[in-house]
Structure formats: C-alpha cells, structure tokens
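Protein chains in written order, with the numbering used here: chain A, 271 to 684; chain B, -10 to 262.
To be clear, the hints were calculated from the coordinates, so they are not data collected in a lab.
Where hints are given, some of them may not hold.
Claimed, not checked - List of simulated lysine to aspartate or glutamate pairs, EDC-like, C-alpha gap at most 16 Å:
| id | chain 1 | residue 1 | chain 2 | residue 2 |
| --- | --- | --- | --- | --- |
| 1 | A | K334 | B | E262 |
| 2 | B | K258 | A | D544 |
| 3 | A | K395 | A | D371 |
| 4 | B | K150 | B | D97 |
| 5 | B | K95 | B | E130 |
| 6 | B | K258 | A | D364 |
| 7 | B | K255 | A | D364 |
| 8 | A | K662 | A | E600 |
| 9 | A | K604 | A | E557 |
| 10 | B | K96 | B | E188 |
| 11 | B | K255 | A | D371 |
| 12 | B | K166 | B | E138 |
| 13 | B | K255 | A | E331 |
| 14 | B | K44 | A | D647 |
| 15 | B | K258 | A | D371 |
| 16 | B | K255 | A | E600 |
| 17 | B | K258 | A | E360 |
| 18 | A | K466 | A | D414 |
| 19 | B | K96 | B | E138 |
Bear in mind that the values here come from a model prediction, so they are computed numbers and not experimental data.
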Amino acid sequence: MRKTIIVLLALFFAAQSGHASAEALSAHGFVQGNYSANIDSANPDNGNYKWSEERGQLKLEASKDPVRFFLKADAFYGHLDEKADVELREGYLDYTSGSWDLRAGRQVLTWGVGDMVFINDVFPKDYEAFFSGRPMEYLKKGVDAIKAGVYPDLASFELVVIPFFEPNNYPAAKRFWMYDPMPTVTNRVTDQPVSKPANTELALRAYRDIIGFDTSFYFYKGYYRQPSMTPDSFTAPSRITFSYPGLLVYGASAQGAVAGGVASVEAGYWASQDDAKGTNPLVPNSEVKFLGGYQRQIAEDLTAGAQYMGEYMADYGAYESTRMQGFPKEPRYKQLVSVRAQYLLMHQTLRLGWFNFWSPTDKDYLINPEIRYNFTDHVWGALGVNFFGGAKDTTRFGSLDRNDNVYTQLRYEL
Amino acid sequence: MLKYLLAVLTLTIIFPAAVKGENPAHSMTAAEVMKKSQDAFFYQGVDFKARVMMKLVSKTGAVRVRELSMLRKNYGESGGDQKYFMYFFQPADVLDMTFMVYKYPKKDDDRWLFVPALNMVRRIAAQDKSSSFVGSDFTYEDVSGRDIEDDAHELVMEAKKEGAPCKECYAVKSAPKAADTAYSYKISYIDGVTFLPVEERYYDLGGEVYKVFTADEVKVIKGIPTVTKRTMKNLQSGHRTEVSFTKADYNIGVEDSLFSERFLRKPPKNRIE
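Next up, chain A with everything else stripped away, as it sits in the complex (with noise of 0.2 Å):
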C-alpha cells in the first residue's frame, strides 16, 4: 500500500517534470471530501452516516503514437470502515491504427442511451455509490478487459472480451436498511464464475448513422452482475449461496434530434440461459425490455428530460407456478418512469439539478435533487438529497425507504 502510494507519487512528479518538454506526458488529479449522513434513521449498524471519506486520484497519461498509456489511481481514506486503502479505477494501454484499435487493461465501459438504466449496458455498476450519493463517475466499475475497434465504411465495431467476472455493487447491509427474505440465514458465501476461456464474457457492438439516428445494435454473452440466492434447503435454509447465472442479450437502440430534442429509444431481450424455461424459481427469467425517452431544452440553460421503460418477463406462467413462497411476487409487466432536469446559472458555474424515478408498477420511488457550484476553476461542491420510497417493503427502492440521505462532495481538481 505504501509501496503503491510512492511509485505513484514518483510518476506523478515526473510527469509533472516532464510536462513542458513533451506533452505526450500528463498528470491530474484531484482530492475530495465525500460525505452523507441520514436524514430519516440510523444504519442497521447504528451508523449515522452512508459515506464518509477522503479521497485523492492521481491520472496520468503518456503517448507515443500509436500508443498510449493512461492510469487513473485513487487512494482514499473511509472513515465507516476506518480503512485506507488503494483502488485502480482505469489503468490501459491503447493502440490505434488507421482502421482499428485496440484498447486492453481496467477500462470504463458506457453503452447503450438509457438515464440511468440499462438494457445493453451489460458493465458492472456500483449501486451503492450512487445511493450514497458519491459523485457519478463511481456510478461505473471498471472492468478488466480487451476492446477492439475497427471502423470500415460500413459500420463501426466494438468487441469486448472480458476473461475476468466483475459483479455488480449492492449498497452494504450494514449500511443500508433493504428488504431480504431470509434475514434469519446469516451464513452467506458467494459464488462467481471462476477465470477460464470457456467463461470469458463477450460483448459486441456495431453502429452507425441511420437516417439521422445513431443506431446501435448488440450482442452480450456473460453473467448477470446481479447476484441470484440460493439456500441450500428450502425447508430448514442454514446457507444461503450468491450466483451469477448466465446471460445473453440480443439488443439494439437509437438517438437523434426529433422536435428541437433529443429522442432515445433502446430494447433488448434478455435471454436467461441457466433458466431457458422460467421454472426455475431462483433464476432470473428471461425478459424483454425496452425504454424510450426524450429530452429537449426548454429555455436557455434549461433542460428537461422524460424516460419510460418496460421489463416484460417471458415465461409468467412458469414463474407463478414455480415461485418460492414467502418471496415477493414479480408483476409480469413493470414500468419505470424518470424525470431529469437541469438549470444551469450564473454563466453555468451553478448547476441545479433534478433526477427521479417513479415505478407505477411497484409504486415506489427515488428523488434526488442537487445543487453544485463551481466555486473557482479548480474547486467545485455539490449539495444533494436522496429520498427513497414505496408503497411496499420489499420493492427496489420501497425496500430503501428509510434510507433517505443527504450528501455533500467537495473537490479541488488540477
């Protein structure tokens, strides 16, 4: 750990040193304080705080055509966990020739045009950061992977191949208040697809300019990032194993101006491949699922945006017939809806924000405003809310309403 911190420290400085002579190295950075305390009740752990922590990054770039290296490193200090600690969020090496390119080591992927969900966006997300309210770019995992681009007339493709699992990130129980159907089983272990070329995961996508939109179709062989439970006995559970069960997903989106705005439209079917019938009740059915949006600027600096999305579950009746007792019961049909708006001020150094989620299907919701002010070039903070809630205990964001926080971030950035 100290190790790492001095080896990153050196390169910092000697790209620092190096900046004038050759611009083909760089270094930035920032340090952040992150914090957000609730506003409605304690943590299960009788914690007053969701996040509480300093925490630097260091990134640092350097080319030589056609290669480029880039690193971006945070070290951080939480003090929830009092633990300091050392994360590598992106660190690869690039190669681009005229008609393809290469991309290979930790690297942030971001498809598909949903706000916020995801349907072809098969990467590994950190939901815990984002109803912590940590800045958005923690919103993303990276992953450890092999991208290839290459770009004839036709279409451009990008293939990425994934040999390593990276699940994704679910608030901590200790933290968070969330529905579980089995709080008395506290012997849990977790299973992930182990490393081998068999499991490798792959992704595809092409796209292109059709008529104005730009349109994306895609393919993805993997896993779900969303654990599935499995207790050893259904009768007298005493553990309770996490799994990812496979996945494929056949998909294909859209976005181009419509109206003076912006229209996005994505689908997708998820093909759940270790349960291809539905009747398997601890396994995700497969399911269709689509959104449409629409956003357009309403005045100068203002802008405001609406999205739907629908998940249709293939096999209903299997599922019903098959479904655990004592498990919440799925509707066949679930809707999403979501709103954002956002003001900019002030010659846009204060940015006022707005961002919800309603299901009428679960009847819950999440509501996040935000404020966030450019305070000079180099230092920025955000003041933000996260009200969570439903008509039930035991819906996605029902299950987190007494979760409520409010957060603030504050940066000085080079």
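Position chain B relative to chain A; hints supplied.
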C-alpha cells in the same frame, strides 16, 4: 515549432481597417455585405484549427478560464454545413471532454458530448443556438455563425456617426425575422477590405446597446485575415469574455473521420495539440 511561429509572425500584419475614398455602401446590398462577412469570418479555408483560450471576466474582475482546441471543416459551399470538433483542456473538471457539432444553417444542429469519467457519448438537445457557449458571453451562433436569411439586413449610416468604431466601413443593421434571440437587433461594423467584423453592437428591446463584440486583433494566416483576439462584453452585467486564438491554421487536411464517435471517445493527439 519555431519555424511555424516565425511563419506566422512574418505573415502577421494588422490589416487596414478602412477603404479610402467613396462610401463602399453604394456598391453592395446589406445582405451581400453580410454574406461576404460570413465567408470571411466563419467559412475561410477547407478546414481550420485553433487553440482557443477564453477568459470569462466578472464585473469584480474574477477570472475563469475555458481552454479548448477547436477544429472546423466546411461541407458544401460557404454558408452551408460545417462540422466542429472541440477538445477541452480547462477547467480541470472538463479536462478531456470532447464536443462535436454538425452545424446545419437551415435546421437545428446535431451535438454530441463525450464524458470521459463515464466513457459515455451523449446527444445534447440543441434547439437554442442563441444560448451561451460554455457559460461565456458568446453564444453558439457567435462561435459558428448565424444563417443570413434569419435576419432582415439594412445598410445604415452609423459608420459616419460620432462614436463609430470605424469611419470607412460598412454598418449593417440586422433584425431577426423571428423572435429567437435575446436582442432586438444588432449593428455590425464590417471592414471594407477584409469583410471581418470590427465591432457588433447588440440592442435590447428598449433600443439600448447592451452587448458589444469587438475584434481586437487580426492576423494573416496562410494569406487569410483572421480575427485572433475578440471580446464580447455585456454592458448590463459588466461581465465580459476575452477570446484569443493561438496555433491558428487553415487547410491542414482534417480527415472526415475525425467527426465520429470513435474519435470523440479517443481524440487524436496530433489534432488536438
């Protein structure tokens, strides 16, 4: 690099801002003057590149900086479609962001933004061309031009009046045909030789000047007179934005493929430096 600087310096002269003798206003219509000015100001060369430094200066003198590389390529004739590619260096929270605009004079632009922290490309709603560019006193139209046919143009004798920025230049009053701007009309003072704007005065609904554009430095680059320093000052708020172009160059062979998602996500070093 030194060679390049010398070349620019050698070519650099301040162009005479006036034509001697007769009033040039008699030879051209107002729309023709504006068309020539648009050609000279926004459409020179097949392509253009510059490092753009914007200083946003508040009434109290507080300065914020926006620094970017801008590449522009023309498609079709002057006054027609253009593509813009911008890469941001400053401030730190937008470092490595790229922004791409397909500009169509007759309809809304297509705009894309790349957010590096999320490795995400997004379309941006772009209905209002008269909204502020990156929080500065310049609008998108000030950066990439306004369709000539959106305004009614009229030659006025303002250049002869007391307080005119130049005596021997065209003065053109342009009034928007639709109420799509923050101003009721503007008067442009246009150099009779280079056809570059010398000054633009924006009038509010009460007929008072509230915003003033000035071209503060003109350099000749590859034979093309180019405004390399400019200021937009808002007289009501006291806020102003000073812009300077360095490393300005024309006809450098910008590839069509630059204006693509591929390079939005991975801006090529040799183009953005």
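Going through the hints against the structure:
1. The hinted pair formed by K334(A) and E262(B) meets the criterion: a straight-line CA distance of about 13 Å does not exceed 16 Å.
2. Restraint check for K258(B) and D544(A): not satisfied, since their Cα atoms lie roughly 46 Å apart, outside the 16 Å limit.
3. Distance hint between K395(A) and D371(A) is unfulfilled; the C-alpha atoms sit about 25 Å from each other, more than 16 Å.
4. Taking the CA atoms of K150(B) and D97(B), the gap is near 38 Å; set against the 16 Å cutoff, the hint is violated.
5. Taking the CA atoms of K95(B) and E130(B), the gap is about 13 Å. The hint holds against a cut of 16 Å.
6. Only pairs whose Cα atoms come within 16 Å are accepted, and K258(B) paired with D364(A) is accepted, the gap being roughly 12 Å.
7. Pair hint K255(B) plus D364(A) holds up; C-alpha atoms about 9 Å apart against a cutoff of 16 Å.
8. With a C-alpha separation of about 12 Å, the suggested pairing of K662(A) with E600(A) holds against the 16 Å cut-off.
9. For the hint linking K604(A) to E557(A), the alpha-carbon distance of about 10 Å falls within 16 Å, and the restraint holds.
10. Under the criterion of a C-alpha separation no larger than 16 Å, the hint pairing K96(B) with E188(B) is inconsistent with the structure, at around 27 Å.
11. Between K255(B) and D371(A) the CA atoms are separated by roughly 10 Å; this keeps the pair inside 16 Å, and the hint holds.
12. For the hint linking K166(B) to E138(B), the alpha-carbon distance of about 8 Å falls within 16 Å, and the restraint holds.
13. With a C-alpha separation of about 13 Å, the suggested pairing of K255(B) with E331(A) holds against the 16 Å cut-off.
14. Restraint check for K44(B) and D647(A): the C-alpha separation of about 11 Å stays at or below 16 Å, so the hint holds.
15. Between K258(B) and D371(A), the direct Cα distance comes to roughly 15 Å. Compliance with the 16 Å bound is thereby established for this hinted pair.
16. As the CA atoms of K255(B) and E600(A) are separated by approximately 42 Å, the hinted pair breaks the 16 Å bound.
17. For the suggested pair K258(B) and E360(A), the alpha carbons sit about 20 Å apart, so the restraint of at most 16 Å is broken.
18. Distance check on the hinted pair: K466(A) and D414(A) sit about 14 Å apart at the alpha-carbon level, within 16 Å; holds.
19. Among the hinted pairs, K96(B) with E138(B) is consistent with the structure: their alpha-carbon atoms are about 12 Å apart, no more than 16 Å.
Checked against the numbered hints given earlier, this structure breaks hints 2, 3, 4, 10, 16 and 17; the rest are met.
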